[in-house]
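Whole structure, please, built from the sequences with the hints as guidance.
These protein sequence lines are chains D and H, in that order. All residue numbers for the first sequence refer to the working numbering, where the first residue is 1 and numbers rise by one. All residue numbers for the second sequence refer to the working numbering, where the first residue is 1001 and numbers rise by one.
One or more hints might be untrue.
Here are the in silico distance ranges between beta carbons for each label pair [to be verified]:
1. 1145(H) - 94(D): 32 to 40 Å
2. 1009(H) - 274(D): 50 to 58 Å
3. 1234(H) - 194(D): 50 to 58 Å
4. 1047(H) - 285(D): 32 to 40 Å
5. 1044(H) - 274(D): 39 to 47 Å
Listed next, the stretches of chain H that the computed footprint assigns to chain D, with coverage defined by at least 3 CB atoms under 8 Å from CB atoms of chain D [to be verified]:
6. 1121-1129
7. 1156-1167
8. 1277-1288
9. 1319-1329
To be clear, the hints were calculated from the coordinates, so they are not data collected in a lab. All C-beta atoms in this analysis are idealised placements derived from N, C-alpha and C, irrespective of residue type, glycine included.
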Amino acid sequence: MRREVWAGMAALRFVDAVRQALADEMEADESVILMGEEVGPLGGVFTVTRDLIERFGPDRVMDAPLAEASFTGFALGAATEGMRPVVEIMFSDFVMIAMDQIVNHAAKLRYMTNEQFDVPIVVRLPGGGGSNHGPQHSQSFESWFAHTPGLIVAMPSNPSDGYWMMRHAIQLNDPVIFLENKAMYFGAEQEVADEPPADPWAAAVPREGSDLTIVSAGRMVGRCLSAAESISTRGIDCEVIDLRYLWPMDVDTVFTSVAKTSRLLVVSEAVEFCGWSGEVASRVAKDAFTSLDAPIFRVGALRCPIPVGVALEDEIIPTVERIEQAVVDCMDF
Amino acid sequence: MRWAQDLRRHSVGDLATVEEQLFALMLLIRSVEAAIERTHRAAKITGSFHSSLGQESCAAGVSLALRDDDIVTSNHRGHGHAVGKGVSAEAVIAEMFRRTNGSSGGRGGSMHIHNRSVGFYGETAIVGGGLGWASGAAWTRKRHGSDAIAVAYAGDGAFANGIFAEAIRVADFWEAPCLFVCENNGWAHSMPSDGVFGPAGSITNVVSAMNVRSEFVDGRDAVKVYETGCELVEYVRTGKPAFIEVAVHRVKAHSVNDADYRYRPKNEGAEWLREYDPINSLRASIRVEQQHAIESAVSAVVDEALEAASNGALPETSDALRGIYATRGLGWDGRAEIR
Ligand SMILES: Cc1ncc(C[n+]2csc(CCOP(=O)(O)OP(=O)(O)O)c2C)c(N)n1
Ligand SMILES: [Mg+2]
Chain D
1 MRREVWAGMA
11 ALRFVDAVRQ
21 ALADEMEADE
31 SVILMGEEVG
41 PLGGVFTVTR
51 DLIERFGPDR
61 VMDAPLAEAS
71 FTGFALGAAT
81 EGMRPVVEIM
91 FSDFVMIAMD
101 QIVNHAAKLR
111 YMTNEQFDVP
121 IVVRLPGGGG
131 SNHGPQHSQS
141 FESWFAHTPG
151 LIVAMPSNPS
161 DGYWMMRHAI
171 QLNDPVIFLE
181 NKAMYFGAEQ
191 EVADEPPADP
201 WAAAVPREGS
211 DLTIVSAGRM
221 VGRCLSAAES
231 ISTRGIDCEV
241 IDLRYLWPMD
251 VDTVFTSVAK
261 TSRLLVVSEA
271 VEFCGWSGEV
281 ASRVAKDAFT
291 SLDAPIFRVG
301 ALRCPIPVGV
311 ALEDEIIPTV
321 ERIEQAVVDC
331 MDF
Chain H
1001 MRWAQDLRRH
1011 SVGDLATVEE
1021 QLFALMLLIR
1031 SVEAAIERTH
1041 RAAKITGSFH
1051 SSLGQESCAA
1061 GVSLALRDDD
1071 IVTSNHRGHG
1081 HAVGKGVSAE
1091 AVIAEMFRRT
1101 NGSSGGRGGS
1111 MHIHNRSVGF
1121 YGETAIVGGG
1131 LGWASGAAWT
1141 RKRHGSDAIA
1151 VAYAGDGAFA
1161 NGIFAEAIRV
1171 ADFWEAPCLF
1181 VCENNGWAHS
1191 MPSDGVFGPA
1201 GSITNVVSAM
1211 NVRSEFVDGR
1221 DAVKVYETGC
1231 ELVEYVRTGK
1241 PAFIEVAVHR
1251 VKAHSVNDAD
1261 YRYRPKNEGA
1271 EWLREYDPIN
1281 SLRASIRVEQ
1291 QHAIESAVSA
1301 VVDEALEAAS
1311 NGALPETSDA
1321 LRGIYATRGL
1331 GWDGRAEIR
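The following block contains the structure:
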């Protein structure tokens, strides 16, 4: 039996919001367990699980040996048997070691067993750039997962979503890839909404505008908002859409916006080539073609490993300046 | 056990001894494999499959050591593991026919036999892929107060992959009651296992060195497989993993489409079977009339299964997109029903 535990809370940083969601779900449902490297006494390398082992004990906050493929498979096994494991992959890059268990097993088990097994598992992926960790600790794999049938792909951009989307993810009976941009963990505090969004899957519109639609997700939403703010001084009024989920993807909100603005820019931290932003572009090009007054623009990471150090990284990952430039180019068309 | 009930419908009396039980189950597995092969040759089924013909002592010996509420995960060569755990011959063969009475409703095929209700969580077509599944499921049962265990079958080839040792390590660390069964049939497709690991039994030495209880058995002796299986199953029920390597012989080619004459002598499998057939070895300890009774019951069960499989309904084509997500309203295309 679930117990509801939400009683409102103060403003939180992203890291605290995700931790609070884990704690509240663990409190509400004792089948929720945490597994991963260093999630126990250390509390995770990004402190997301700090103090949870004291509160819930080592039976529920389970430090795992350094074996991503195996503990992810183990979690999958527990999930088929009624647990709700939340697996932390220390850095999203290491998920490559567990890809077989996620893509070939968790994502397909329900389908290929003719619905005999569900896999209610959340795989938490601290990822992306902005923290000076270098080429094997900074990647953004969201397009890979959005491409895989059977997975749900959540990519929150702020503390309130970090909280409510994590709670939602844990309650779902399907495997959820939960992308946490590690550069957001210790950012500004934000008031967590009192209630989950009425439609948990809907995209959000954190900034309304009439001239151009910018669609993004995760950490890049913040950069898009900054770009929109700065460019507004030049008289360009951008609407910003935060997709929140890359799958299922709320393209309807994008269509509605483009019907109003007639211009679209899609911004991703993931590599632009063959990336999810192309999916948004293609859907709009096909189903909202007559709304468009300009070609669709995309800004994503260049198809280059992420170098260590913000100076070089900024040459690769979309910056506020590159986003602004794309807005200008699209408006100038 | 389901398979024994099926035989009883064809008037086999009680299978009083372990030898009779092993004989009956091994013969049933062999007959299912042979029926699948015949059907394939007659082009009634397409695609590939991996026959366990000749290796039955492993599946049978281990299965007889298990309870109904135990869990099994298996690999691509899993028809025998399935039948041993109680998946009906019909459900296995109908899955080969891609019919809705197949164990995965006809959408999985040979490498995706699954039947949760008998504890056969099932096969995976990814070598080494089902080991974590078994241990995580077993660990959960234990956590909920049951002394049920899981068995994870995998081949020698799987042991060359890091996941095998890793899965044992993790199961040991979290004390998952899981028995890892390494079915060493001498080959990983065209790669001989002694070239990779050394002689049969070498894999067991590796696991022993991991401080996990492990045993090696020569699978020509089905009774020995069963007895060792029982010992280890009893040990695993106390809440720890264990490992068993069973040396068997891959009599058939790797898969039905495999040109095995390119890497081993022609007829090598058939000759081995003539000399060592573990089923024949059991005959000495079973009365001849009982052997005949079992043989005719087995063939009746398989005939019935073939009949039911070929008469099974094909899945509706509109069914192709069903069942990807459990979340209500979440269809394959993620469209708006959820909103
Ligand atoms: C990860 C992976 N690699 C390769 C294959 C292709 N393949 C299928 S079975 C097999 C040989 C497996 O050998 P073993 O584990 O000894 O099982 P056996 O076929 O001998 O029963 C190979 C290479 C696969 N299915 N999965
Ligand atoms: Mg083999």
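Now the hints, each set against the structure:
For residue 1145(H) and residue 94(D), the Cβ-Cβ distance of about 34 Å falls inside the hinted range of 32 to 40 Å, so the restraint holds. Taken as a hint, the range 50 to 58 Å holds for the pair residue 1009(H) and residue 274(D), whose Cβ atoms sit roughly 56 Å apart. Separation of residue 1234(H) from residue 194(D) is about 55 Å and conforms to the stated range, judged on CB atoms against 50 to 58 Å. As the Cβ distance of residue 1047(H) to residue 285(D) is approximately 39 Å, the hint placing it in 32 to 40 Å holds.
Between residue 1044(H) and residue 274(D), the C-beta spacing of about 42 Å keeps the proposed range 39 to 47 Å intact. Proximity of the region 1121-1129 of chain H to chain D, defined as three or more residues with a beta carbon under 8 Å from a beta carbon of that chain, is established by the 5 residues found. Counting residues of the region 1156-1167 of chain H whose C-beta lies closer than 8 Å to any C-beta of chain D gives 4; at least three are required, and the coverage claim holds. Given a C-beta distance limit of less than 8 Å, the hint that chain D covers the region 1277-1288 of chain H is violated, as 0 residues qualify and 3 are needed.
Using a Cβ-Cβ cut-off of 8 Å, 6 residues of the region 1319-1329 of chain H lie near chain D, which meets the minimum of three, so the contact claim holds.
Violated hint for the displayed structure: number 8, the only one.
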